[in-house]
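J.: Residue numbers (the numbering used here), protein chains in the order written: chain C, 1 to 222; chain Z, 1 to 222.
Please keep in mind that the hints were generated in silico from the structure rather than gathered at the bench.
A few of these clues could be false.
To be verified - Facing chain Z, according to a computed beta carbon distance under 10 Å, are these residues of chain C, among others:
#, residue
1, VAL42
2, THR50
3, TRP60
4, VAL89
5, ILE176
Unchecked claim - Capping the alpha-carbon separation at 27 Å, the derived lysine-lysine pairs in DSSO-like fashion look like this:
#, chain 1, residue 1, chain 2, residue 2
6, C, LYS3, Z, LYS84
7, C, LYS35, Z, LYS36
8, C, LYS35, Z, LYS35
9, C, LYS3, C, LYS175
10, Z, LYS84, Z, LYS4
11, Z, LYS157, C, LYS4
12, C, LYS4, C, LYS216
13, Z, LYS3, Z, LYS84
14, Z, LYS35, Z, LYS20
15, Z, LYS3, Z, LYS153
16, C, LYS19, C, LYS157
17, C, LYS84, C, LYS4
18, Z, LYS19, Z, LYS4
19, C, LYS19, C, LYS36
20, Z, LYS139, C, LYS36
21, C, LYS36, Z, LYS3
22, C, LYS35, C, LYS19
23, Z, LYS175, C, LYS62
24, Z, LYS139, Z, LYS62
25, Z, LYS84, Z, LYS139
26, C, LYS84, Z, LYS3
27, C, LYS84, Z, LYS62
28, C, LYS62, Z, LYS84
29, Z, LYS153, Z, LYS62
30, C, LYS216, C, LYS153
31, C, LYS84, C, LYS36
32, Z, LYS139, Z, LYS175
33, C, LYS62, C, LYS4
34, Z, LYS175, Z, LYS62
35, C, LYS153, C, LYS4
36, Z, LYS4, C, LYS84
37, Z, LYS4, Z, LYS153
38, Z, LYS36, Z, LYS139
39, C, LYS175, Z, LYS62
40, C, LYS4, Z, LYS84
No residue lacks a Cβ here, since even glycine has one placed at the ideal position from N, Cα and C.
2 protein chains.
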Amino acid sequence: MTKKTLVNSKLICVALNDKKQLAALEGTFNEAPYKKPPTQPVLYYKPRNTWNTDGATIEWAKDFSGQAVESMVVGASLGVVLGKETCRVSPEEALQYVGGYTLVGDFSLPEESYYRPDIKGKCLDTTAPVGPEIVPADKISNPDALTVTLSVKGEEKSRFDLSQMERSVAELISKISYIMTLQPGEIIAVGFAGDRVPVAQGDQVEASIEGVGTLKNTLGGA
Amino acid sequence: MTKKTLVNSKLICVALNDKKQLAALEGTFNEAPYKKPPTQPVLYYKPRNTWNTDGATIEWAKDFSGQAVESMVVGASLGVVLGKETCRVSPEEALQYVGGYTLVGDFSLPEESYYRPDIKGKCLDTTAPVGPEIVPADKISNPDALTVTLSVKGEEKSRFDLSQMERSVAELISKISYIMTLQPGEIIAVGFAGDRVPVAQGDQVEASIEGVGTLKNTLGGA
């Protein structure tokens, strides 16, 4: 990898933060074993081996026998970059802890269920590009007013207004800061629009937010 | 924290790697939503904010309203420290990638279910002490022959022979190396004995493996 990752020590992703997706899943959540929708943000990590950069190739995943997997999917999210140590802050003060904004791509295997933590599908090498740069927080007056678009081979496949998130950027920072202390440079991907977008080997993928930039990546071959 | 963490970039824990615990849970696993036991290692992370050292105090957790939680639990595991980059290695060659061994403590909130990824309960600040040192791999001829003991206030509460693990150290390294590339200094906690041990504020906890050392920690007050 030629460029250096923009992530410092931790990349947290928020799942199920799309009001429409939550509504669609309501029936499932009301069945066993939970019998109710999640009451806290549902989080997962993209660990260091996943971190990647704008312009980089995303490795096409292989299965346990070394064969190329049949399908991969992608989602894109606003990335909130913490500017200072953040522990138990209120939603009202949370945005003061933001240092900047960027884009996070999340390439993975298709999800099989919403239950068991899917480390195998989510933590593939090189599958979390972040970039193209960190835009200082003072350039973005209201992060919840942004729109994330995702294009594959030049064609728009997904468009998500952050106003449709179940929890706002400030609410998420606050909630997560009660779960763990966050450090400067750590990044929260605040939410991906409901359905992930299928991609194929060699596809060019662009994630874009006006004022934050465009993150471009290519899927590798097998 | 006065001492420096022994972890480099990643601490992976393996859940449900105790044959006896798996057998006890068989009924649960055969119900919805899975209808079968896990077929791959069940993994979770202890992220950077959790990393702690031998001799250090573990913070007593607070709930969202700032009140001390009622109960915390602890488990102890052998920690396998990778010695070199490890990607898609076979079980036969896996132990050649080990740089050393240490102990990992995992303090957490009691588990409520085996389904939803429990980031809130597992990723509390300071809850993953590692140490007291990294013993070079060549000092341990067979890691699967070790026994992990856990004492609270000087009384032994748990004893686990690693020969009772569902997957051996070599099998785990191999399996995980097919999921993600591991780097030198990253640590795998290979498995905790079935039931976690309850602890109270002020308790002294000792995790011990003959030839690897004793990891001592104290629970803080509220």
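J.: Among the hints numbered above, which are violated by the structure, and what are their numbers in rising order?
T.: Violated hints (numbers, rising): 3, 4, 9, 11, 18, 20, 21, 24, 31, 34, 38; every other hint is consistent with the structure.
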